[in-house]
Amino acid sequence: MSSETKKKWPLWEVFIRSRQGLSHKHAGSLHAADAEMALENARDVYTRRNEGESLWVVEAVHIVASSPGDKSTYFDPANDKVYRHPTFYKLPDEVKHM
Amino acid sequence: MNSTLFDAYVADEKKIEPKDWMPDAYRKTLVRQISQHAHSEVVGMLPEANWISRAPSLKRKAILMAKVQDEAGHGLYLYSAAETLGVERDDLYLDLLEGKAKYSSIFNYPTQNWADIGAIGWLVDGAAIMNQVPLCKCSYGPYARAMVRVCKEESFHQRQGFQIMLVMTEGSAEQKAMAQDAMNRWWWPALMMFGPPDGDSPNSAQSMKWNIKRFSNDELRQKFVDMTVPQAELIGLTVPDADLKWNEQTGHYDFGEIDWSEFKRVIKGGGPCNVERLAACNKAWNDGAWVRQAATAYAEKKSSNATR
Ligand SMILES: [Fe+2]
Ligand SMILES: [Fe+2]
Chain U
720 MSSETKKKWP
730 LWEVFIRSRQ
740 GLSHKHAGSL
750 HAADAEMALE
760 NARDVYTRRN
770 EGESLWVVEA
780 VHIVASSPGD
790 KSTYFDPAND
800 KVYRHPTFYK
810 LPDEVKHM
Chain G
3 MNSTLFDAYV
13 ADEKKIEPKD
23 WMPDAYRKTL
33 VRQISQHAHS
43 EVVGMLPEAN
53 WISRAPSLKR
63 KAILMAKVQD
73 EAGHGLYLYS
83 AAETLGVERD
93 DLYLDLLEGK
103 AKYSSIFNYP
113 TQNWADIGAI
123 GWLVDGAAIM
133 NQVPLCKCSY
143 GPYARAMVRV
153 CKEESFHQRQ
163 GFQIMLVMTE
173 GSAEQKAMAQ
183 DAMNRWWWPA
193 LMMFGPPDGD
203 SPNSAQSMKW
213 NIKRFSNDEL
223 RQKFVDMTVP
233 QAELIGLTVP
243 DADLKWNEQT
253 GHYDFGEIDW
263 SEFKRVIKGG
273 GPCNVERLAA
283 CNKAWNDGAW
293 VRQAATAYAE
303 KKSSNATR
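Chains as they are written, first to last, in this note's numbering: chain U, 720 to 817; chain G, 3 to 310.
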């Protein structure tokens, strides 16, 4: 058991496309020795009730994520750019559709 | 972020995600609760697996296999949620195998006959659902999301159990007696699933402040009794509690005293099946060792071939 615990199966993130026309959405994660096993296990665990028509599995270490500490520097600048939204522009009443 | 800000943040119904700052005690509480929950799903497969090969029909066998397979999945969702808190699934699982981790005391009772499978689905999964539905709104995102999946799958578990009981109570006198006997044996352990009484549950208040828990143990237990007693009446089963009666004033059922000494004994390892359950988990783990090793060796060989 001890030699085995040193070689842990990597973690994979599972994404499911619930039906054609929609994008893949994160569903959860699992451990598997390789990509093939990750895909098979994802099917067995996450799609037993017609949850999807297509699966992606991505080894978790390959996901690059922004960190919570960067939240304000990354996302706050969007707050003061109200002119990016159509509601910023007042139109004369005569213009019905634009 | 600090503890005071954190407390206000979660009290405001905001969610915490894996890499966010959180107090150590919050993280520890979640790791303990989620891993115990995961272990319960895994050990919970054993009493029912006992009857897969002896289910009374092919249909019942297929249903029971589907249910047990779901419980394995629940274990996986929950271990995954725990891992987002910086612990490793294998370490958690080894704690279980070594008898260092807790799991729900209910799974240390034996399944003596087919009616027990009905009683487990109806009462045990019923109690589990009562516990789990509020957890879908837990302040920790990954746990809440895992619980949404779990709860979606649980509802058939309770229904199939109730239906087994319904069919048996409509059967021969002997079948009806079996259903009642199972009810008698599972009722009290099911009530214990909600945990110790509020006065004796030191961590509950903090968990409720952190929006991990939404209702106290006693509140959930009362809800379960109020929901289940009419169901028992409907199928002609008697709840094994002489003190059970409807209270017009409170709008709830009053019920008898739970034997908490039994609860403590079973949690500490003294239940009828504690030894057997751990032995079965260890056997499955050891018997599967060669499969895990072979899969690892195969994956390594394939990746070294690919880079050559
Ligand atoms: Fe479950
Ligand atoms: Fe269940």
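Please keep in mind that the hints were generated in silico from the structure rather than gathered at the bench. Treat the hints with care, as some may be off.
DSS-like, lysine-lysine: derived pairs with alpha carbons at most 27 Å apart [to be verified]: (1) G/Lys17 x G/Lys211; (2) G/Lys17 x U/Lys744; (3) G/Lys30 x U/Lys800; (4) G/Lys61 x G/Lys154; (5) G/Lys225 x U/Lys726; (6) G/Lys178 x U/Lys726; (7) U/Lys790 x G/Lys139; (8) G/Lys16 x U/Lys744; (9) G/Lys225 x G/Lys211; (10) U/Lys727 x G/Lys21; (11) G/Lys139 x U/Lys727; (12) U/Lys727 x G/Lys17; (13) U/Lys744 x G/Lys21; (14) G/Lys30 x G/Lys16; (15) U/Lys726 x G/Lys211; (16) G/Lys211 x G/Lys178; (17) U/Lys726 x G/Lys139; (18) U/Lys727 x G/Lys270; (19) G/Lys16 x U/Lys727; (20) G/Lys139 x G/Lys270; (21) G/Lys21 x U/Lys790; (22) U/Lys726 x G/Lys154; (23) U/Lys727 x G/Lys303; (24) G/Lys104 x G/Lys178; (25) U/Lys744 x G/Lys154; (26) U/Lys726 x G/Lys304; (27) G/Lys247 x G/Lys270; (28) G/Lys30 x U/Lys790; (29) G/Lys102 x G/Lys304; (30) G/Lys63 x G/Lys178; (31) U/Lys790 x G/Lys63; (32) U/Lys790 x G/Lys16; (33) G/Lys139 x U/Lys744; (34) U/Lys790 x G/Lys102; (35) G/Lys211 x U/Lys727.
Note that the structure is predicted; figures quoted are calculated from it, not measured.
Hint-by-hint comparison with the structure:
no. : hint                : result
1   : G/Lys17 x G/Lys211  : holds (13 Å)
2   : G/Lys17 x U/Lys744  : holds (19 Å)
3   : G/Lys30 x U/Lys800  : violated (41 Å)
4   : G/Lys61 x G/Lys154  : holds (22 Å)
5   : G/Lys225 x U/Lys726 : violated (46 Å)
6   : G/Lys178 x U/Lys726 : violated (53 Å)
7   : U/Lys790 x G/Lys139 : holds (24 Å)
8   : G/Lys16 x U/Lys744  : holds (22 Å)
9   : G/Lys225 x G/Lys211 : holds (21 Å)
10  : U/Lys727 x G/Lys21  : holds (22 Å)
11  : G/Lys139 x U/Lys727 : violated (32 Å)
12  : U/Lys727 x G/Lys17  : violated (30 Å)
13  : U/Lys744 x G/Lys21  : holds (20 Å)
14  : G/Lys30 x G/Lys16   : holds (19 Å)
15  : U/Lys726 x G/Lys211 : violated (40 Å)
16  : G/Lys211 x G/Lys178 : violated (45 Å)
17  : U/Lys726 x G/Lys139 : violated (36 Å)
18  : U/Lys727 x G/Lys270 : violated (31 Å)
19  : G/Lys16 x U/Lys727  : violated (34 Å)
20  : G/Lys139 x G/Lys270 : violated (31 Å)
21  : G/Lys21 x U/Lys790  : holds (12 Å)
22  : U/Lys726 x G/Lys154 : violated (34 Å)
23  : U/Lys727 x G/Lys303 : holds (16 Å)
24  : G/Lys104 x G/Lys178 : violated (35 Å)
25  : U/Lys744 x G/Lys154 : holds (18 Å)
26  : U/Lys726 x G/Lys304 : holds (16 Å)
27  : G/Lys247 x G/Lys270 : violated (32 Å)
28  : G/Lys30 x U/Lys790  : holds (25 Å)
29  : G/Lys102 x G/Lys304 : violated (37 Å)
30  : G/Lys63 x G/Lys178  : holds (21 Å)
31  : U/Lys790 x G/Lys63  : violated (51 Å)
32  : U/Lys790 x G/Lys16  : holds (15 Å)
33  : G/Lys139 x U/Lys744 : holds (20 Å)
34  : U/Lys790 x G/Lys102 : violated (39 Å)
35  : G/Lys211 x U/Lys727 : violated (36 Å)
Violation of the numbered hints given earlier is confined to hints 3, 5, 6, 11, 12, 15, 16, 17, 18, 19, 20, 22, 24, 27, 29, 31, 34 and 35; the remaining hints are satisfied by the structure.
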